[in-house]
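Based on the hints, put chain A in the right spot on chain V.
These protein sequence lines map, in sequence, to chains V and A.
Using the numbering used here, the first residue of the first sequence is number 4, and each one after it goes up by one.
Using the numbering used here, the first residue of the second sequence is number 1045, and each one after it goes up by one.
Be aware that a few hints might be false.
[What the hints assert, rightly or not] Covered stretches of chain A, as calculated for chain V (at least 3 residues, CB under 8 Å): (1) 1095-1102; (2) 1173-1185; (3) 1313-1324.
Treat the hints as calculated values from the structure; they're not laboratory data.
For glycine and all other residues, C-beta sits at the position ideal for the given N, C-alpha and C.
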Amino acid sequence: MKAFSRLFTAIDQSTKTSVKTAALAEYFRNAPEEDRLWTIALFSGRRPKRAVTTTQLREWAAERAGLPLWLVEESYPVVGDLAETIALILPPPSSPSDHTLSHWINTLVDLSQVDQDARKAQILAAWDGLDETGRFLFNKLITGGFRIGVSRKLMTRALAQATGQDEAALALRLMGDWTPQTTTWQALIEAPDPQADDSRPYPFYLAYQLDGAPEALGAPEDWLAEWKWDGIRGQLILRGGAHHVWSRGEELMTDRFPEFARVPDFLPPGHVFDGELVAWDGAQPLPFNALQKRIGRKTVPKKLLKDAPVILLAYDLLESEGQDIRDRPFAERRAMLDTLLADLPPDAPLRASPRIAFDSWEVLAATRATAREQRAEGLMLKRLDAPYLAGRKKGDWWKWKLDPLSVDAVMIYAQQGHGRRANLFTDFTFAAWDGNDLVPFTKAYSGLTDAEFNEITAWVRRNTLQRFGPVRQVRPELVFEIAFEGIQPSPRHKSGLALRFPRMARWRRDKPAQEANTLADLRDMLTAYG
Amino acid sequence: MSATVLTFTDRGIYCPAGDFHIDPWRPVDRALITHGHADHARPGHGAYLATEPAAPVIRHRLGEIALDTIRFGERRRIGGATVTFHPAGHIPGSAQIRVEVGGEIWVVSGDYKLAPDGLCEAFEPVRCHAFITECTFGLPVFSWRPQQEIAAEINGWWAANAAEGRASILGAYSLGKAQRLLALLDPGIGPILTHGAVENTNAVLRSQGYALPETRHATPDLDVKAHPGAMVIAPPSALGSTWARRFGRAATGMASGWMRLRGVRRRRGADRGFVLSDHADWGDLHSAIRETGAEKIFVTHGYTEIFSRWLATQGYDAQVVPTEFGGEEDESATSGEDAA
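Only chain V is shown next, with the shape it has when bound in the complex:
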């Protein structure tokens, strides 16, 4: 664990990508093979199955530290991270050890085989053998969310530096359904055939937000426009007679969407489609909450399958007849896609996302304004001569979203943030007027500057009316403009509605609370856009 702790410390002490990459590359050159493999796994969102609950961890840590549980619970929101809280309160290790990262991970993996008492004994022994950083990392392995300032992209780049392999080729190898228990360094990184796994998806190419006017992109004829759908990004893979559905978060979702089982009946193997998974009413997408019901279900009841059938609106072809065609210009890939999908029956769960014709940016701007009627969030602009890249790269793909909807709302509750924002009040609940009452309708956490959060934190301390655990009820005085992407009916909420992607667009210091929007205003929006 010491080498991994050193790696973590080097990464944690720097804000510079080059320093982090170098530290990680150094680790990949020297660490034992199994540790390297686990490090790749951790930084690409894979982790050992959780064998103990966070409640148990808190109880055991309190007991070990000789503190009452409530004191540990009260310390946690101040620190903002449970793994760190526990690492900080434990007494110094009584029997320091020098086991590897893999040793500790295997300890955790093996916990599922033993009973409760043995699990506790193992965790206590681990705490006793690790120093403060080691404990923090060990606890992080249990609690998950291993975000320590290393993106998958940065990890892949470091791996490329350490192995001398091409970064894009490595990114492809790291995709898919592997764990350190099912593969080896040799098979994952060094074996000659990266396509050995038929289910492996390609790294997704991600678009940047277009903030200025599209005129800056040059001539309209160099670009293709499509609707920007409000679904989940997905890849449909047809290889060797089977099909696989991947989400952008690299989750294999084949079983959640049984609709796609029919696709191999229409299309030959050796094809990979990139597109948007949406719930479909036969003519256009259903609102996102219809799809949301499907995402949560591992097995889908018949009625839900009928009420919210899912299709893929395909907009790119990445593999054709077994060949990786990502290097070819988009115009060519898109033509192949259209040809391939032209003769599918109308009820097939796969359609080409329509191209939007335009001959000037003004015409396209007018089309964009109608996006909500199409149940789209705006437009996508893609350069016709561009290859399909990996990750978020500026230049060839742009999302040109509609301006968000917005309302002015009154802050009524505040709560401290986590991690970097622990000790700052950053999580707020907002309300709208219903007669003389303020009815909460959304929470928001982002959109303000650190300076504004500092100022609001000081204000919250002076204007607390009541406390409910970590939540403070504050004087209903501050007004914020809340921007959001969509609005849906929601019987679970007191207000009867729910917002999509709410955030604070700005602090309306100029507006008294009485002038904030009303619940009636929100209901009008629900009627217009819901």
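Positioned in the frame of chain V, the structure of chain A alone reads:
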């Protein structure tokens, strides 16, 4: 018999028998001041009383005030009360204030730390019936390593940066933390430069005889290139400012007890965080309280509700002092100057 020696008013801690306030936050006729940090020594009072070593900085900060001084341990009769000041170990000249009325003794801790830092007068335990204690770091997650280990970390960081030809900018409050750091630095590594706010305080303390290494005020016309591998001590607010930009691609650090928390470390946006506090940690708060022998404990400045609840489980009669901000939390976010 347990007379009320001190009461808590909307102006701060008040002694009815002596008709004076201690570290009041609104203007009063007579104020006893524990130390010169801005949230303890405020402008606008009619008359001030502080220790001799604390006085020059208070004058420097507050200008023309009616300031009387007192030696550590000197007894002074004020109305029906007798007061003495005792070292608090927080910053040079900082004091705890002991107030005795009719045989009943209460002590106001001000801000304090137990471990000697080699610069300020070492903390002195004072026996009392009631102890009004700060608890800035009154949670079990806060514990400090010995000062010498932190000094080695800081000097190691400085030496490594200097070897790469980079300056090291260390953020620290201009009164107290900055001078404590100066005393810990190894001047053999390179030149030490200071921000104006720090250098002004240095001048005051040097004239009193506090031993500080040689420093150079980084004035606008100073040629930075003539001081390669320098250590630069500046207030935290100067990190990331245009003032700091002149040092090129310098490494940045912060020295504070809050650096114990990774979230705070990252929010401050410095490369390195050094855990060095001028306040007592969790363990030392308990030692200090135990050594007073007091049964009645009032807690203020910090995680007061949590800390008083904990003290109650340990058998103390513990209460929270109502303060201006009415909050239990730290002021790390809002940068209370002494909360470091």
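Against the structure, the hints:
Using a Cβ-Cβ cut-off of 8 Å, 0 residues of the stretch 1095-1102 of chain A lie near chain V, which falls short of the minimum of three, so the contact claim is violated. For the stretch 1173-1185 of chain A, the stated coverage by chain V is satisfied: 3 residues place a CB nearer than 8 Å to a CB of that chain, which reaches the threshold of 3. Only when three residues or more bring their CB closer than 8 Å to a CB of chain V does the claim for the stretch 1313-1324 of chain A stand; here the count is 3, and the claim holds.
In summary, the structure is inconsistent with hint 1 from the numbered list given earlier, while agreeing with all the others.
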